[in-house]
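J.: For reference, the chains in residue letters:
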Amino acid sequence: MHRLHHALLLVALLVAAPCADAALLDFSAQERQQIVSLGPWPPRIAPDPSNRVSGDAEAIALGARLFFDARLSPSNRIACVTCHQPDRGWTDGLPRARGMEELERNTPSLANLRQRRWFGWGGGADSLWMASLRPLLDPREFASSAAAVAALYARDADLACRYRRAFGRAPAEERGGEESVLVNTAKALAAFQETLTSGRTPFDEFRDALASGEPAAAARYPLAAQRGLRLFIGRGNCVACHNGPLFSNGEFGDVGVPYFVAPGRVDSGRHDDLQRLRASPYNLLGRHGDDGGASATATRHAVLEPRHWGEFRVPSLRNVATTAPYMHNGSVPTLRDVVLHYSTLDESRIHSSAQPLLVALRLAPEEVDELVAFLETLTDAAGADRPRPPMPAPCDPPAAQLK
Amino acid sequence: MKTAAAVLAAALLTAPATACEPPLAGPGVQRIDGSGHVVAWRAPQPVPLAQFFTLEFAACARSGDRIEAPRVEATMPQHGHGMNYRPTVESLGGGRFRAGGLLLHMPGRWQLSFTVGGETLRAVLTVD
Numbered sequence: 001m002h003r004l005h006h007a008l009l010l011v012a013l014l015v016a017a018p019c020a021d022a023a024l025l026d027f028s029a030q031e032r033q034q035i036v037s038l039g040p041w042p043p044r045i046a047p048d049p050s051n052r053v054s055g056d057a058e059a060i061a062l063g064a065r066l067f068f069d070a071r072l073s074p075s076n077r078i079a080c081v082t083c084h085q086p087d088r089g090w091t092d093g094l095p096r097a098r099g100m101e102e103l104e105r106n107t108p109s110l111a112n113l114r115q116r117r118w119f120g121w122g123g124g125a126d127s128l129w130m131a132s133l134r135p136l137l138d139p140r141e142f143a144s145s146a147a148a149v150a151a152l153y154a155r156d157a158d159l160a161c162r163y164r165r166a167f168g169r170a171p172a173e174e175r176g177g178e179e180s181v182l183v184n185t186a187k188a189l190a191a192f193q194e195t196l197t198s199g200r201t202p203f204d205e206f207r208d209a210l211a212s213g214e215p216a217a218a219a220r221y222p223l224a225a226q227r228g229l230r231l232f233i234g235r236g237n238c239v240a241c242h243n244g245p246l247f248s249n250g251e252f253g254d255v256g257v258p259y260f261v262a263p264g265r266v267d268s269g270r271h272d273d274l275q276r277l278r279a280s281p282y283n284l285l286g287r288h289g290d291d292g293g294a295s296a297t298a299t300r301h302a303v304l305e306p307r308h309w310g311e312f313r314v315p316s317l318r319n320v321a322t323t324a325p326y327m328h329n330g331s332v333p334t335l336r337d338v339v340l341h342y343s344t345l346d347e348s349r350i351h352s353s354a355q356p357l358l359v360a361l362r363l364a365p366e367e368v369d370e371l372v373a374f375l376e377t378l379t380d381a382a383g384a385d386r387p388r389p390p391m392p393a394p395c396d397p398p399a400a401q402l403k
Numbered sequence: 001m002k003t004a005a006a007v008l009a010a011a012l013l014t015a016p017a018t019a020c021e022p023p024l025a026g027p028g029v030q031r032i033d034g035s036g037h038v039v040a041w042r043a044p045q046p047v048p049l050a051q052f053f054t055l056e057f058a059a060c061a062r063s064g065d066r067i068e069a070p071r072v073e074a075t076m077p078q079h080g081h082g083m084n085y086r087p088t089v090e091s092l093g094g095g096r097f098r099a100g101g102l103l104l105h106m107p108g109r110w111q112l113s114f115t116v117g118g119e120t121l122r123a124v125l126t127v128d
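The listed protein sequences correspond, in order, to chains A and B.
Its first residue numbered 1, the first sequence is counted upward by one per residue in our numbering.
Its first residue numbered 1, the second sequence is counted upward by one per residue in our numbering.
Note that these hints are calculated values from the structure, not bench results.
None of these values were measured; they are calculated from a predicted model.
Among these hints, one or two may not hold up.
Have a look at the derived ranges for each label pair, beta carbon to beta carbon [as the list claims (entries may be wrong)]: (1) 276(A) / 51(B): 24 to 32 Å; (2) 215(A) / 46(B): 20 to 28 Å; (3) 68(B) / 30(A): 37 to 45 Å; (4) 25(B) / 303(A): 30 to 38 Å; (5) 220(A) / 90(B): 48 to 56 Å; (6) 25(B) / 266(A): 47 to 55 Å; (7) 170(A) / 51(B): 39 to 47 Å.
Each residue gets a CB set at the ideal place from its N, CA and C atoms; glycine is no exception.
Chain A on its own, in the form it takes in the complex (with noise of 0.2 Å):
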């Protein structure tokens, strides 16, 4: 008796063996159709043409040394990395970032920047050099200034070596002058950190064996996850922001985070920083940018209008389990505060003059564990903890300038 209930077992096990996408959710042709256009991943990446050194293996180097560099602030105490650490998912760990002091906002995650159309949290730069220059000025954060940057590259032969390599002349013989060298560390800066990408995530491999017909493999993905990427994509209707491959449609959203930053002072977000932008000499409409314009479509159309205040950028969710904690101002701790945001919102918070996008979407405490444990497979193997890019090797001055 008791071998025959073995062998039954056994044969159950065998009946059951080749259905192992037994673990894969029934999703629908439409569901389906949704998931596969979240990848693939990773996407071609194409130079940017705003910037004559985007890809360029000199400039890249020499963004590199600057990222680190606390010099390139007066005061020797702020780098681009004491806010975008790479052992922090490039964030910092704080609700608002800290400079010379503290900011309103958020520090953003750095990964996969050159596919974006906006920068910062109310798209206040329309190129990554344009973001990199901002904060350099800004004196709640480097205090810096065109001719406190010329003068660094003044006083460090292996910097100034390095400019010269990339840019093809040294920064005091710069046409431009201290500008000039100002926009160029900006645009070396940028190419450094468009080498800052994700990698493939658990979520990849699913959606890629759901594209290739492999259920077998499909099926290895968790069904907490699946079942949290079912809500994702339908009634949760966070897809409709969180979208394509960088699961962010590159846009603006009011998602009812308060935008009061002190009493009596808020944060417009989108609508404030797209006038900042237009004002800004360094925009892609500006003489700095080296496509005379091509790639400002964006910039170019973008309209204001009243519905942009208290918008802010829809962040992309890769590696958002790593960037803690959450929204544009950081007041959201955690993932599961996130997902807890959206099931209780309030929605007399959010205005609409029509069905409003956001409801709240009243989540059964099975259904917020599934989301998060979605989100979660959106981390890459390397996961918060970045490698720091090793330092290049000291600037060999080209055989011109030893003559």
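Following the hints, position chain B against chain A.
T.: Frame of chain A; chain B shown alone:
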């Protein structure tokens, strides 16, 4: 007899209406017939989500008037918002145009509006 003459007169009077044929044809071209204008348009298939795209269209007036400064817009009536971008329209000559700077940032049903000669003609554009 009188009735037949009236029908013939009406047909002759409305003859220019049938002559209004926007100069755009081929696969994927859709047509909107308005009271005073006709628009034919073609969008990329599929319409890209959250990416800029251009749209070709042609328009004609039943009155025979020349089409001047047409406008293109896209809105999501269900949610009461439009695009975050204002398209520009470039004339290609002969009643043909190209609209650039369109970006539909959410999946769903968008309403595409062509304003020509004071008349707005609408079509639905679905983005997955």
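J.: Hints first: check each against the structure and report whether it holds.
T.: We went through each hint and held it up to the structure:
For residue 276(A) paired with residue 51(B), a C-beta distance near 25 Å keeps the hint of 24 to 32 Å intact. Take residue 215(A) and residue 46(B): their Cβ atoms lie about 26 Å apart, and the range 20 to 28 Å holds. At about 43 Å, the CB distance of residue 68(B) to residue 30(A) agrees with the hint of 37 to 45 Å. One distance hint, 30 to 38 Å for the beta-carbon pair residue 25(B) and residue 303(A), holds here, with the actual separation near 33 Å.
Restraint check, residue 220(A) to residue 90(B): a C-beta distance of roughly 51 Å satisfies the suggested window 48 to 56 Å. The given range of 47 to 55 Å is respected by residue 25(B) and residue 266(A), whose C-beta atoms sit roughly 53 Å from each other. Between residue 170(A) and residue 51(B) the CB atoms are about 41 Å apart, so this pair conforms to the stated range of 39 to 47 Å.
Checked against the numbered hints above, the structure breaks none of them.
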